[in-house]
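Now that you have both chains on their own, put them together as the hints suggest.
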Amino acid sequence: MAPDNFEKLRRFSADIRIWTIRTIAHAGYGHIGGAASIADVLAVLYGDVMRIDPKNPGWEERDWFVLSKGHCAPALYATLALKGYFPMEWLKTLNQGGTNLPSHADRRKVPGVDMTTGSLGQGISAAVGISWANRLQGRDSWSYCIVGDGECNEGQVWEACQAAGHAKLDHFILFVDWNKKQLDDRLERICDPLSFEDKFRSFGFHTQTVRGDRVQEIWEGIQQAKQTPGRPHCIILDTCKGLGVDFAERQDFNHYMSFDTEQGETAVAEIERRYQAGTYPGGDFQW
Amino acid sequence: MVKLSDTHEKEARELRAVYCDALIQAAEHDPRIVAIDCDVSSSLGTKNFAKRFPDRALNVGIMEANACSMAAGMSAAGLIPFFHTFSVFASRRICDQVFQSCAYAGLNVKIIGGDAGITATNNGGTHMPFEDLGIMRLIPGVTVMEPTDGTMLQSLVPQMAETYGVQYMRFPRRQVPKIYADGSEFTIGKSVVLRQGEDAAIIANGIMVYEALKAARLLAEENIQVRVVDMFTLKPLDQEQVIESAARTGAVVTAENHQLAGGLGCAVAQVLAEHRPTPMEMVGIRDEFGEVGSQDYLAHRFGLTAQDIAAAVRRTYERKQNI
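Chains L and C, in that order, give the protein sequences. In terms of this note's numbering, the first sequence opens at residue 74 and continues consecutively. In terms of this note's numbering, the second sequence opens at residue 667 and continues consecutively.
No false leads were slipped in.
Mimicking DSS-like on lysine-lysine, the simulated pairs with C-alpha atoms at most 25 Å apart in a straight line are: (1) L:K241 - C:K713; (2) C:K717 - L:K241; (3) L:K81 - L:K156.
For the record, the hints were derived by calculation from the structure and aren't laboratory data. None of the values given here were measured: they were computed from a predicted structure.
With the rest of the complex left out, here is chain C (with noise of 0.2 Å):
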């Protein structure tokens, strides 16, 4: 069951450590559970798991092509693999070998990317992970999540394991706003609607949903009432879900840290056109690159503001009442 938070303030823990206990505990009830790491696991927060598994925490080197591979090996011979990397690496770097030694082969194999678009900050354009849901999401029978807050990430870990298949999921480091109460539980694929309006609809997935609640709220302020769905499953995507919201409000908003291409609005534009036409706006990465700076400077950059989501809502919305 899904609780809403009653305040969105930041957690108090970091995603990274939220993360690495959920793994722990999923790996507590499951032996076959191995954790793969790419000199990086102090960044992404897996060194506990090591501590706790020694023998099942394998840090095998900056290596990433290899490590992939491995981990498909690892599952053809029965153990479950959660890989860890940076997001860039684990989709750009590894795309081939995702694709090959882990989809194509039909193996069981979580990826876990680090760091979700402009939450890169300081490591910059050459680490801003812009595409790697869209890389992820092109290769067939790839399950890709982006979880919103702590508790959502706690849910989603032991489904990983428990579900087979090869699933790519990335998420911030540090501490998120909190959306969701204690204890929530969500369902890999089933979307979540955060608030009920009836003149837009805005979906969006991971640290875009804090924003779109807060257009939502600035908006209402202007009698314009906004359904605001939280799509943390970008494959497959909630379909029904996608329909029901166009259905019922008529415009539709996506907003995603993520190049447009291949993300969440692409995913939706695809869904509408083909099911139900819909005056839409995209909110996302316009086909840059991303640069260096702190997370507020790039969401302003990049227009991955509330303010920004609500000027394409209000577009939206009056191209809506102009059909």
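Bound-form chain L, shown alone (with noise of 0.2 Å):
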């Protein structure tokens, strides 16, 4: 891919970033943390790589994706949104009484949400139903996950590798989201994850790390997933919980965050400074 079109899917990360702060900023409270450490593979995969039709989001030949760390669906709104999946406007109205748009990810209410998620664990067993069901039906449709690094505190996690692996799902991409926090605490300090990609690579995956604040990186990694038939991939993304929105990235307990516009209208500032300053996403912030 062209070096502007990088250009572009840094840009859309910064858009998805800024509507994220901004959709949590006017509930007023919300899973900020978890949410900004996806925004970069966000746009990679709906500002390049997925096959998609914003206008029929029951495409049946589309792409496919399942966020199964469904509390950060303010960040999946905020893309879906700037996809032009539904207006912008709904984003003022997350978690009011008759949204559309609940704290977490609903297929039944937003158009663009492939699966219902929420309660951990299941968003990936989903998402390699998909892919299956996919296979079975003779498509050639890429199925993408996201998974927390604290969610694969989940058994049924790993149940779902042993099944992909198993199946040599190689049209299933799974995300971990490695931004090492939880909401408690760091994870070695809650239950140590050891090494993922080890764990992964076991399980019959083929498995890359990438940064995950660098979109060059995860596009290349997902185009090397793609040359590589027979097995299910995995790409590690190392990333930093809060990343590149600024008042949380520096926090210990930025799980779940109170805000105001106020203050998320300076974070947006500050994205755009440094995205300007060319440090975007995360400034001179060293994890």
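If you want it as structure tokens, here you go:
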């Protein structure tokens, strides 16, 4: 892909972060940490990689996406709205009574959401089912799924991986949002995951680790996956919880935060500053 | 149309064999039907489906939670999955997966639980589902049923395939007494009146329907004429039938191979309390775990015999007289 296209994906990821912040700020609270850390992979998927038609969300030949860490739905909603699946105005209704945009991803309410998620561990299984069903029906669709690193505490994640590995679902690409933190604390203090790479590889996955904040690395990882037949794929996104949202990224406890539109717009301005300075998304922040 | 069998001898075929044939037949007509198993397909009799449709039979191993959410994903992508395991796992173990991945997500998944209540016999308390129907009944929108014999089972399977939504069906794996004549057809949600009587009504499901008929014959010798209703769909409950049975008889006894809490007795009582308060008694499991033993031993141990039902009817009939 040409460099200016990567620049477009970077810009798309900035817009996803901006509208994720605004969506949550309008509600006043939400899962900003894990929503921020998936903005870049969503930009790559919806900005270039996935075969989709926002005007026809139920298109049978489309590629599928399951956000298994369903609490980070605001980032997906921002992405879908920016792609034109539904009006941008909906974003202001997050979590309000009667909204189409509930806190956790909901396939019945949100055009473009392929699977309802929230109770962790189930989305990856559904994504495996989707991939398997598409293969049975002779479609060449790809199925993508993001699991949280904390979500990998759930036994069901590993059941799903056994099934995907055994069935050699080579049109299934799993991303692990390795942002190092779960709700209560850092992963290794709650339940040390040891090596994600070793684990997924041993379950039969073609496994890579890329920088989760670099759209080009993510894009290239996906291309490499697509050129490797016979196995499901795992791309571990080395990232940071809250990344690109200045008031969140330096906070230890940033799973769920309350903030208002004023704080939100300050964070948006910082995103634009970094973008102009060429240091987006992390600025000088190191993790 | 429903026609009763002349005798109530045990059927020639095991229910698992009847089920598998019915599923194969449905799958011949509808290429979207797939079977998902969790390493108990030999016990539940779905191996023949795998022989007939090797690509459409997914035995994923001992991972019920994954299998259930996978089934939901397959439904989202256009298939009609029938998911099989023992009733205890198909309910207790995957309650949240049925809730979120299937029902809350609005998908089309059929869940089949093998071994109903005391028919789990030799597998004992760990494997004896006294709670499964109640767990499923609590989840909004889920259809819950228990076929009474092979004829009914054969009639229900194609309806499940043709009706969008999450449905839970459990049944004993082996032979049961034949209640209905071959070719009888049933409608999900519509109960069957097996016997008329004005003194009391027995509303039963599963293996308790046969016991209810036996109880009715015992009571007829005492000049108590009992209406017997086969309430094979627990949800949506045939409310009209419950109210009509109460109106006609003024005394209602329920009989189920399940905990009273959450089960048929609870469902019938809910309808009667709201619409037609009526003297009532319930035959079923009273807050106990299952245990190992023969079906006959367990029926006596947990009070699930025709004699238990008849005793409950006598008491309820007497209460009615004293009102």
